[in-house]
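> Take a look at the letters that make up each chain.
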Amino acid sequence: DAGVTQSPTHLIKTRGQQVTLRCSPKSGHDTVSWYQQALGQGPQFIFQYYEEEERQRGNFPDRFSGHQFPNYSSELNVNALLLGDSALYLCASSLRDLGYEQYFGPGTRLTVT
Amino acid sequence: RKEVEQDPGPFNVPEGATVAFNCTYSNSASQSFFWYRQDCRKEPKLLMSVYSSGNEDGRFTAQLNRASQYISLLIRDSKLSDSATYLCVVNPFSGGYNKLIFGAGTRLAVHP
Chain A
1 DAGVTQSPTH
11 LIKTRGQQVT
21 LRCSPKSGHD
31 TVSWYQQALG
41 QGPQFIFQYY
51 EEEERQRGNF
61 PDRFSGHQFP
71 NYSSELNVNA
81 LLLGDSALYL
91 CASSLRDLGY
101 EQYFGPGTRL
111 TVT
Chain B
114 RKEVEQDPGP
124 FNVPEGATVA
134 FNCTYSNSAS
144 QSFFWYRQDC
154 RKEPKLLMSV
164 YSSGNEDGRF
174 TAQLNRASQY
184 ISLLIRDSKL
194 SDSATYLCVV
204 NPFSGGYNKL
214 IFGAGTRLAV
224 HP
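In order, the protein sequence lines correspond to chains A and B. Note that my numbering has the first sequence beginning at 1, numbered continuously upward. Note that my numbering has the second sequence beginning at 114, numbered continuously upward.
Check before you lean on any hint, since a few could be wrong.
To be verified - With the Cβ distance kept under 7 Å, some of the chain B side facing chain A (calculated, not the full set):
| # | residue |
| --- | --- |
| 1 | E156 |
| 2 | P157 |
| 3 | M161 |
| 4 | Y164 |
| 5 | S196 |
| 6 | N204 |
| 7 | Y210 |
| 8 | N211 |
| 9 | K212 |
| 10 | L213 |
| 11 | G216 |
| 12 | A217 |
| 13 | G218 |
Simulated from the structure, these hints should not be mistaken for laboratory data. Glycine included, C-beta positions come from ideal geometry on N, C-alpha and C.
In isolation and in its complexed conformation, chain A is listed as follows (with noise of 0.2 Å):
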């Protein structure tokens, strides 16, 4: 049974390009939830998709946008870049009714120069 699977594992962007991030959910999971977590501090909820929606989003900018497609996996899109930007995203996947028991990936480290 495959856990929660991210790509790419390391990007290099320059500042003011667009991103995109991928991920899986675990087998069986409907719901995504992404998180940035810069260095030394603990991830931060940027938004988590149910039902192809935006259910929540954190305090985010618009930049920052998602998807998620049928077969639930999902993708986050980052646009015009700043170095602020560069950070570890994580993906982790839930049941909707279970949604606190979140699994995570092994997340896309970002770096924007």
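Fit chain B to the known structure of chain A by using the hints.
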């Protein structure tokens, strides 16, 4: 004020020591509480859930005080393998959906 605040750390302890981590949260309506462990450059992994009645898992004991909005984690007989960052996590469960609010984490280094 941050939603979840933890001891800043780092904690440097010898093997066999007992170490306690504390955490406070600001949202009194929070529904569930957890401790996660995160190894360097890895994803967070659930260590244990925290209940008002307290719960124990081997050398680990977690406690919740809803009145004080305080969560604790006690590690007894520390092992080298316990070296990691410990994240206090709260689920406010608003609008019918769950999300996790993390503290900044407390780093533990266990030395021989």
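> Double-check B:N211 for me: the hint is only fine if its C-beta lies closer than 7 Å to a C-beta in chain A.
B:N211 check passes; min Cβ-Cβ to chain A is 3 Å, inside 7 Å.
> Hint B:G218 vs chain A: min CB-CB distance below 7 Å?
Holds, because the Cβ-Cβ distance from B:G218 to chain A comes to roughly 5 Å (cut-off 7 Å).
> Should the hint that B:M161 touches chain A count as held when the rule is a Cβ pair under 7 Å?
Since chain A brings no Cβ nearer than about 12 Å to B:M161, farther than 7 Å, the hint is violated.
> Does the closest beta carbon of chain A sit nearer than 7 Å to the beta carbon of B:Y210?
holds, 5 Å
> Let me know if the C-beta of B:P157 comes in closer than 7 Å to any C-beta of chain A, holds or violated.
holds, 5 Å
> Closer than 7 Å between Cβ atoms is the bar; does B:A217 clear it against chain A? Give me holds or violated.
Result: holds, 5 Å to nearest chain A Cβ.
> Given B:N204 as an interface hint, is its Cβ closer than 7 Å to any Cβ of chain A?
Holds. Min distance 5 Å.
> Holds or violated: B:Y164 as interface residue toward chain A, Cβ cutoff 7 Å?
With a closest approach of 13 Å, the B:Y164 hint is violated.
> Take the shortest C-beta to C-beta distance between B:S196 and chain A; is it under 7 Å?
violated, 17 Å
> Would you settle whether the hint for B:G216 is holds or violated, based on the nearest Cβ-Cβ distance to chain A being less than 7 Å?
Holds, because the Cβ-Cβ distance from B:G216 to chain A comes to roughly 5 Å (cut-off 7 Å).
> Does the nearest C-beta of chain A fall within a distance shorter than 7 Å of the C-beta of B:K212?
holds, 5 Å
> Quick one, is the B:E156 hint okay against chain A at 7 Å, beta carbons?
holds, 4 Å
Hints 3, 4 and 5, counting from the list given before, are not met by this structure.
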